[in-house]
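Each protein sequence line maps, in turn, to chains A and B. Residues 37 to 554 in our numbering are what the first sequence spells out, letter by letter. Residues 29 to 554 in our numbering are what the second sequence spells out, letter by letter.
It is possible that part of the hints are untrue.
Claimed, not checked - Facing chain B, from chain A, some residues (calculated, C-beta under 8 Å):
no., residue
1, LYS318
2, ASN508
3, ALA512
4, ILE527
What the hints contain is simulated information worked out from the structure, not anything from laboratory work. Each residue gets a CB set at the ideal place from its N, CA and C atoms; glycine is no exception.
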Amino acid sequence: MLSRATSYSASTISKRLVRLYSQLPLKVPITLPNGIKYEQPTGLFINGEFVKSKEGKTVDVIDPSTEKLITPIYEAFQDDVDIAVAAAKKAFHSNWSQLEPEARAKSLFKLADLIEENSELLASIESMDNGKSLTCSRGDVDLVSKYLRSCAGWADKLNGNVINTGKDHFAYTTREPLGVCGQIIPWNFPLLMWSWKIGPALATGNTVVLKPAENTPLSALFASQLCKEAGIPNGVVNIIPGSGRIVGESLCKHPDIKKIAFTGSTRTGSHIMKTAADTIKKVTLELGGKSPNIVFADADLDKAVKDIAFGIFYNSGEVCCAGSRVYVQDSVYEEVLQKFKAYTETLKVGNPFDESNFQGAQTSKQQLSKILDYVKIGTKEGARVITGGERCGKNGYFVKPTIFADVKEDMKIVKEEIFGPIVTVSKFSTVDEVVSMANDSQYGLAAGIHTKDVNKAIDVSNRLNAGTIWINTYNAFHQNVPFGGFGQSGIGREMGAAALDNYTQVKSVRMAITKPKY
Amino acid sequence: MFSTRASSASASLLLKRIPSQLRSPLQLRCFSHLPLTIPIKLPNGLEFDQPTGLFINNKNIPSKEGKTFEVINPSTEEEICHVYEGREEDVDIAAKAAQEAFDNGSWSTIDPLERGKALYRLAELIEKDLDVIASIETLDNGKAISSAKGDVQLVVDYFKASAGLACKLDGRQVNSGSNYFNYTKREPLGVCGQIIPWNFPLLMWAWKIAPALITGNTVVLKTAESTPLSALYTAKYIPEAGIPPGVVNIVSGFGKIVGEAITTHPLIKKVAFTGSTTTGKHIYQNAAASLKKVTLELGGKSPNIVFADANMKTAVQNIILGIYYNSGEVCCAGSRVYVEESVYDDLIKEIKIASEAVKVGDPFDESTFQGAQTSQMQLSKILKYVEIGKNEGATLISGGERLGTKGYFVRPTIFGDVKENMQIVKEEIFGPVVTISKFKTLDDVVKMANDSEYGLAAGIHTTNINNAVKVADRLKAGTVWINTYNDFHSAVPFGGFNASGLGREMSYEALDNYLQVKAVRVKLED
Numbered sequence: 037m038l039s040r041a042t043s044y045s046a047s048t049i050s051k052r053l054v055r056l057y058s059q060l061p062l063k064v065p066i067t068l069p070n071g072i073k074y075e076q077p078t079g080l081f082i083n084g085e086f087v088k089s090k091e092g093k094t095v096d097v098i099d100p101s102t103e104k105l106i107t108p109i110y111e112a113f114q115d116d117v118d119i120a121v122a123a124a125k126k127a128f129h130s131n132w133s134q135l136e137p138e139a140r141a142k143s144l145f146k147l148a149d150l151i152e153e154n155s156e157l158l159a160s161i162e163s164m165d166n167g168k169s170l171t172c173s174r175g176d177v178d179l180v181s182k183y184l185r186s187c188a189g190w191a192d193k194l195n196g197n198v199i200n201t202g203k204d205h206f207a208y209t210t211r212e213p214l215g216v217c218g219q220i221i222p223w224n225f226p227l228l229m230w231s232w233k234i235g236p237a238l239a240t241g242n243t244v245v246l247k248p249a250e251n252t253p254l255s256a257l258f259a260s261q262l263c264k265e266a267g268i269p270n271g272v273v274n275i276i277p278g279s280g281r282i283v284g285e286s287l288c289k290h291p292d293i294k295k296i297a298f299t300g301s302t303r304t305g306s307h308i309m310k311t312a313a314d315t316i317k318k319v320t321l322e323l324g325g326k327s328p329n330i331v332f333a334d335a336d337l338d339k340a341v342k343d344i345a346f347g348i349f350y351n352s353g354e355v356c357c358a359g360s361r362v363y364v365q366d367s368v369y370e371e372v373l374q375k376f377k378a379y380t381e382t383l384k385v386g387n388p389f390d391e392s393n394f395q396g397a398q399t400s401k402q403q404l405s406k407i408l409d410y411v412k413i414g415t416k417e418g419a420r421v422i423t424g425g426e427r428c429g430k431n432g433y434f435v436k437p438t439i440f441a442d443v444k445e446d447m448k449i450v451k452e453e454i455f456g457p458i459v460t461v462s463k464f465s466t467v468d469e470v471v472s473m474a475n476d477s478q479y480g481l482a483a484g485i486h487t488k489d490v491n492k493a494i495d496v497s498n499r500l501n502a503g504t505i506w507i508n509t510y511n512a513f514h515q516n517v518p519f520g521g522f523g524q525s526g527i528g529r530e531m532g533a534a535a536l537d538n539y540t541q542v543k544s545v546r547m548a549i550t551k552p553k554y
Numbered sequence: 029m030f031s032t033r034a035s036s037a038s039a040s041l042l043l044k045r046i047p048s049q050l051r052s053p054l055q056l057r058c059f060s061h062l063p064l065t066i067p068i069k070l071p072n073g074l075e076f077d078q079p080t081g082l083f084i085n086n087k088n089i090p091s092k093e094g095k096t097f098e099v100i101n102p103s104t105e106e107e108i109c110h111v112y113e114g115r116e117e118d119v120d121i122a123a124k125a126a127q128e129a130f131d132n133g134s135w136s137t138i139d140p141l142e143r144g145k146a147l148y149r150l151a152e153l154i155e156k157d158l159d160v161i162a163s164i165e166t167l168d169n170g171k172a173i174s175s176a177k178g179d180v181q182l183v184v185d186y187f188k189a190s191a192g193l194a195c196k197l198d199g200r201q202v203n204s205g206s207n208y209f210n211y212t213k214r215e216p217l218g219v220c221g222q223i224i225p226w227n228f229p230l231l232m233w234a235w236k237i238a239p240a241l242i243t244g245n246t247v248v249l250k251t252a253e254s255t256p257l258s259a260l261y262t263a264k265y266i267p268e269a270g271i272p273p274g275v276v277n278i279v280s281g282f283g284k285i286v287g288e289a290i291t292t293h294p295l296i297k298k299v300a301f302t303g304s305t306t307t308g309k310h311i312y313q314n315a316a317a318s319l320k321k322v323t324l325e326l327g328g329k330s331p332n333i334v335f336a337d338a339n340m341k342t343a344v345q346n347i348i349l350g351i352y353y354n355s356g357e358v359c360c361a362g363s364r365v366y367v368e369e370s371v372y373d374d375l376i377k378e379i380k381i382a383s384e385a386v387k388v389g390d391p392f393d394e395s396t397f398q399g400a401q402t403s404q405m406q407l408s409k410i411l412k413y414v415e416i417g418k419n420e421g422a423t424l425i426s427g428g429e430r431l432g433t434k435g436y437f438v439r440p441t442i443f444g445d446v447k448e449n450m451q452i453v454k455e456e457i458f459g460p461v462v463t464i465s466k467f468k469t470l471d472d473v474v475k476m477a478n479d480s481e482y483g484l485a486a487g488i489h490t491t492n493i494n495n496a497v498k499v500a501d502r503l504k505a506g507t508v509w510i511n512t513y514n515d516f517h518s519a520v521p522f523g524g525f526n527a528s529g530l531g532r533e534m535s536y537e538a539l540d541n542y543l544q545v546k547a548v549r550v551k552l553e554d
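Next comes chain A alone, as it looks inside the complex:
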């Protein structure tokens, strides 16, 4: 979901950047662009402590808005994974999984409070590390604390059922945690994905070894110390930054890990599932998308235009459920296109710490190049650039919000996930036509519908192949509403009651009852 990557291929870490820095202190002082000062942990977080990686190698973390080094951090390898898994296994067999669930709830409530208390700092770290605008980061952190609170509330409501199978038996089910869960998260919502992963795992009594994305490890490391402060026992949460190829692969293969949760690309997701199959690990995947956002002629067009802009340019378009295929009914096509262009050109792009900026930097150079390549592809395919279509400035990975019109449904820019601020706008005339166009995709993550007609809203939402449908809104996440994909967009759901199913297994107990003799 909300994702992209943690790529296993073409790593962004070049040899040049991986230096030996075994003398790197475990905390470094950092002054954020907005003047906030803090201490950034640089070690792996294992068993409640920040530690150097065994090999002592480090990797540089780059500020995508300035292309400058923020700090190196320690990089985990396979032996670090083994140590973290052993710690998580030990923690699972301690009290954590068997505590009265209220105790887990209490820790998670406390963690949510601590996130809230540190929200401006966390949002700033996120903007520095990921490049997203501060307004986006604040939204992320707000959802992090809300979601952790929601998970806290679930902790003591994981009941089984008593099953009536007649008077000669007594049967019940319990929902038990799985054990050590491996979690691999992407770089587009570093802290939010951290919370979507650890929240339900912890509420249900599991323990966790989590790998943040290699280019955005800072917020998760910082927040780890809050786990300790919140009273979460040592070893329950372990964070090991590193590459997908080494750390991700080791997690998927490790015999003591019972489950893998991954957010990222569909290709990597498929590889992870294949790897997990060998040890029959349970898998949940939140993968790619190319989500349709449909505007009917009867919609409030001014509002719809804001939603389609928010749908694609929010978080610099680095959102798995981005509404990257806009479909507009033919009678209002030109009108919507004009309004959309005009509105898009009012969106400010640039320094994420400037409060007036809507869109910050793309997270990496690799991502920037990929986006600009797709602009070329689209132009070559004969689509028309209405606005944008180029890099913004020379320093930092900024891209102008880009709209393509006159697209055909088989163009690459309509079919493939770009993961940037690029949207295509297609024309349709009937409901059947737009449903068929919208569903013509390997993905099925999200969809938007803009209409005032209740029949159209419900009928189209029923017929769209998508795990989330937004009606007269878009990218409107809520911690109580489940999120996840149909088709090749994934397996399982996050948030809401559905997320807990991914971290519990049912045990059925059936007892034969003999009538007692008194």
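Starting from the known structure of chain A, fit chain B onto it as the hints suggest.
For chain B alone, coordinates are given in the frame of chain A:
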């Protein structure tokens, strides 16, 4: 679950599994003129017409290539008949039929109550024909007729229970404040591929198709190559029950070809498999390439624990039922018995007596408890494990040999004086062979019981409520039976921890495997 062995989708496994004589060109003949139904007279005098074709679009049709394969009666080692063999192109035809049935809305979008009605009707039709269906099962699989009747009754019960779930596939309304209206729906996945084993041919057919159908999916199902008959016969009731064409498609054939085609077919959104852990891994890997959802019910080596305070008579009965039921060809068989030290010697004597009283033989004899093993390969595997056990130094207390020279019968077998690292204690044998270990403390036995890659089922025998509940909590198993064993019920979920599988069958949990959540969030105007 309940299953295993077989129905493989893996080339290497399949070759191991199918004895060479069954794969030889001599046996796999082209019989393009094989009639689509063959009259068969059962050993108990019942007569019926066996369909031999693939069941696609509610029709009994020959396979495209027209090849057939032989079906053997394991009690006599004689041929029963041939059936048409599906191949890739047949899977493709079946998948397209299933997709068309899913898309045309005749099933997936009707009022779920109508689906419930059809399934209930199917249950009634099966119930009326219970004796014939059970007899086919006994003929084809070799299991005792009493076991087969139990299976078919559970099929009927499960279809009825599933029918009642049709109108309970609710979503939730989610409150997120007055500016939004949110709800979730639970939608079917589309075409589901299902691959079932040979140990409970019709019961596994029911466990697979019932939850898939009630939730509005359509199905392409591959039966086990050694036991295709009951599913093909029972399929004749599908149109009669009012289930539209293309909703259920059955392709007989081999794992290497049909199983492989199902797990890689682009129209198939989900694969459900019951069988061995090795094949399960292969299927999971295949499914990963196109991100199909997967549920697996795999192998087991389930512990059956007897505390000194148990009712010994009941415990002995449950140990016998736990391991010899269905000739031990049960994934959740209680194949590792653990007895508390103070009653170990007494209990061994009682189990030996009870074991020797188990009647093995002609499955059509109503008094037979244990019929034939399902295949020659299975027979050899079991006898090989008996040799391994002896070589490892375990004491053979009873059985340990083939019974007679015709038909794949094995004497109920008990090994005592075993060590926990012996192969016969660690590996799934899938036959009437049990090991009996001794334990001292509750902690000891929990540790011994959990020392397995599997986690399908477990038994506990005690009259002490604290032992019962505490040990049940601590055992790593998807099903725990207390003072009973192999005691299935259509309302109680079944499935494995760890390498025993993914997902649950039966009850509400089974429906989760066949539904995907759609969340709809509406922004309301001021």
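Now for the hints, and whether the structure bears them out:
no., hint, verdict
1, LYS318, "holds, 6 Å"
2, ASN508, "holds, 4 Å"
3, ALA512, "holds, 6 Å"
4, ILE527, "holds, 6 Å"
Violated hints for the displayed structure: none, as all numbered hints are satisfied.
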